[in-house]
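Number of protein chains: 2
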Amino acid sequence: MIDDRQRALLPNGLQDLLPPDAAFEAQTIERLMAHFAAEGYARVKPPLVEFEDSLLTGPGRLLAAQIFRVMDPVSQRMMGVRADMTPQLARIAATRLAHAARPLRLSYAGQVLRVRGGMLRPERQFAQVGIELIGAPEPTADAEVVRLAAEALTGIGVKGLTIDLNLPTMVDVVAEAFGLPTDQLGPLREALDRKDPTAVAELAGAAAPLYAGLLDAAGIAAEALARLDALELPAEARRLVAMVADVVRVIDLADLDAQVTIDPIEHRGLDYQTGVSFSLFAAGVRGELGSGGRYVAGADQNGGGEPATGFSLYMDSVLRAIDAPVRPRHLYLPFGCGPVAGRTFRADGWITVQGLAPETDPVAEARAQGCSHILRGADAIPLDAIDIRGA
Amino acid sequence: MIDDRQRALLPNGLQDLLPPDAAFEAQTIERLMAHFAAEGYARVKPPLVEFEDSLLTGPGRLLAAQIFRVMDPVSQRMMGVRADMTPQLARIAATRLAHAARPLRLSYAGQVLRVRGGMLRPERQFAQVGIELIGAPEPTADAEVVRLAAEALTGIGVKGLTIDLNLPTMVDVVAEAFGLPTDQLGPLREALDRKDPTAVAELAGAAAPLYAGLLDAAGIAAEALARLDALELPAEARRLVAMVADVVRVIDLADLDAQVTIDPIEHRGLDYQTGVSFSLFAAGVRGELGSGGRYVAGADQNGGGEPATGFSLYMDSVLRAIDAPVRPRHLYLPFGCGPVAGRTFRADGWITVQGLAPETDPVAEARAQGCSHILRGADAIPLDAIDIRGA
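Heads up: the protein sequence lines correspond to chains A and B, in order.
Taking my numbering, the leading residue of the first sequence gets 1, the next gets one more, and so forth.
Taking my numbering, the leading residue of the second sequence gets 1001, the next gets one more, and so forth.
To be clear, the hints were calculated from the coordinates, so they are not data collected in a lab.
No incorrect hints appear here.
Here are the simulated distance ranges between beta carbons:
1) A:Asp379 / B:Phe1335: 53 to 61 Å
2) B:Thr1344 / A:Arg343: 30 to 38 Å
3) A:Arg61 / B:Leu1185: 51 to 59 Å
The beta carbon of each residue, even a glycine, is placed where N, CA and C say it ideally should be.
Bound conformation, chain A alone (with noise of 0.2 Å):
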């Protein structure tokens, strides 16, 4: 359907969704919106544009090469389209949500753009889903926020669901606590991500048994809380280990159809990230279908800001997860039919196709239209039946 002079048409990286896949996005879309909606996440809807520094605070600065900019003639200030939602729903929060109870709960599905492609990701434009609970420091929102990101996924039928827990800052708090050399944090991070041992052991002296036996607990959570449990653990680093179990003991609890492990090292490079984070991915799906965690939201440079937890979904990868629905029945209504012949089957979940003109042949012409069946009386035949009767 697709060839190299019609994809030549638009730019690298984007596209044009056609029938019915534009269709089942969008479907999929609201399905998880009211699932999020069912437990309280209210839905907010910020503008794609807007001034350039409000979308690079906090999270928003890791974007700033990602963002398209330009030139409000209106108020002579530079504008850029949003890379990511999180910084806009910051922003909500902080202002004109500031005087809403908390804890609060918003969610939010958007289109964003990016300067550049990725390597797993080259889509430049992609619809992002998600929900935010600002203001609850509590391992319960951890969970809950979890869980929804489980259960909404689950819901939508994702098979082989798996939600890999981390926590970001472990590395920075052992070295801390072993008083390493903040110079290599760097390497030794980059050698953890390698799982490197021997460059670990180099890197981090005195500390190295305690990250090897870090990077060994990875896996399975009960098994992975175990691991963690029998190592010998500075204080900062036992308080992170504590959450983690607080958020699998209340996910256990839900009962969800998803496989939940531990690798307590990962951190993706997202240096606002505080606490828990998470990665949702499927069995047999290249990439991840979201992500997301804890994190001060609205902090400037003077600090401030509130507890926040919350995800993302990127509904390309979430899209090559689930079946696409069966197509509804396509009944033909043959020229001269009249407005109202179909009502009663479209009330049935039929999809009805209205002839324009006089047909020569009205079993061709309803083929051609991608329709299953005509109407004939007040009967809906199958086209197949049609043939076989040679009629």
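Using the hints, position chain B against chain A.
Same frame as chain A, now just chain B:
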């Protein structure tokens, strides 16, 4: 809720939709799209940005000054943020769906962005929702599109709908038949727009009585058609009247919960329109809910293209024309309820809000969270009942 300082956080004409408005808009869009889908209109989703030149073809050229432009670092070509989705639909029909059967029925819903707001519509971003019916020149196609617009709008609760049918080429067709100098066409159109019979008489010469008759003909469809029939129209103008009469006949006025009017000289300055066009209004709502009509899709400087008709709805106006939905019942689940406590209530349409920390006053916390009920044992107790009993 909104003060000036908070407004100034966003550029003029751009806004955050807050709860419950954002969910209301999204749900209304999906209800409209479901209506279009049921009659065979398949959803497409073009990207937010694409190469500038493809946004400026056909009807798109009228919006050239409204498009924000960004340089694509990948292709080193200029891209534009769409100000209107219809040129994108025409591009898709002419390229990716060039070999799909005609008539081709497509639907779309998405955000569009404009450099400047208008007098009547200060918003610079709004949700555009609509359909295109491509490759069908028949009046039955015009009628289907008008009927679908009316049924979709009344289906979501619009009351007092008026469909105003227009013949945007009528002024020119009459002028040509009477050999009026082309340099008088602009002033003549303005005089007709002002409904200024003195100026029309001065500018239109021998055609003045006919233009006066066309001005007078405007009104309720049946009466307008009778008045148009009584005029001595040139052949091409008579053909236009026959087209609009056909459309009115096929729409089946008796079955439509809308008033249909005809204004034969209204043209709204959209010089790409041909045949029958229309605008949609609701009683008591400022501005149009949407508009549409016939044009040639995919034509370039060399002509070509396909007969097409369709319409766009502007969601900001549409939402002003319908009642907001009733807020669902909100049930507070006190701290410690466990994640499955709310499931049966959510399945029944409740919204549940989980307490994340031990409450000193659960009822006050429930109220702060906007809940109408609180869970006690297995029951949802109205907060008001608790207050009355002093519990």
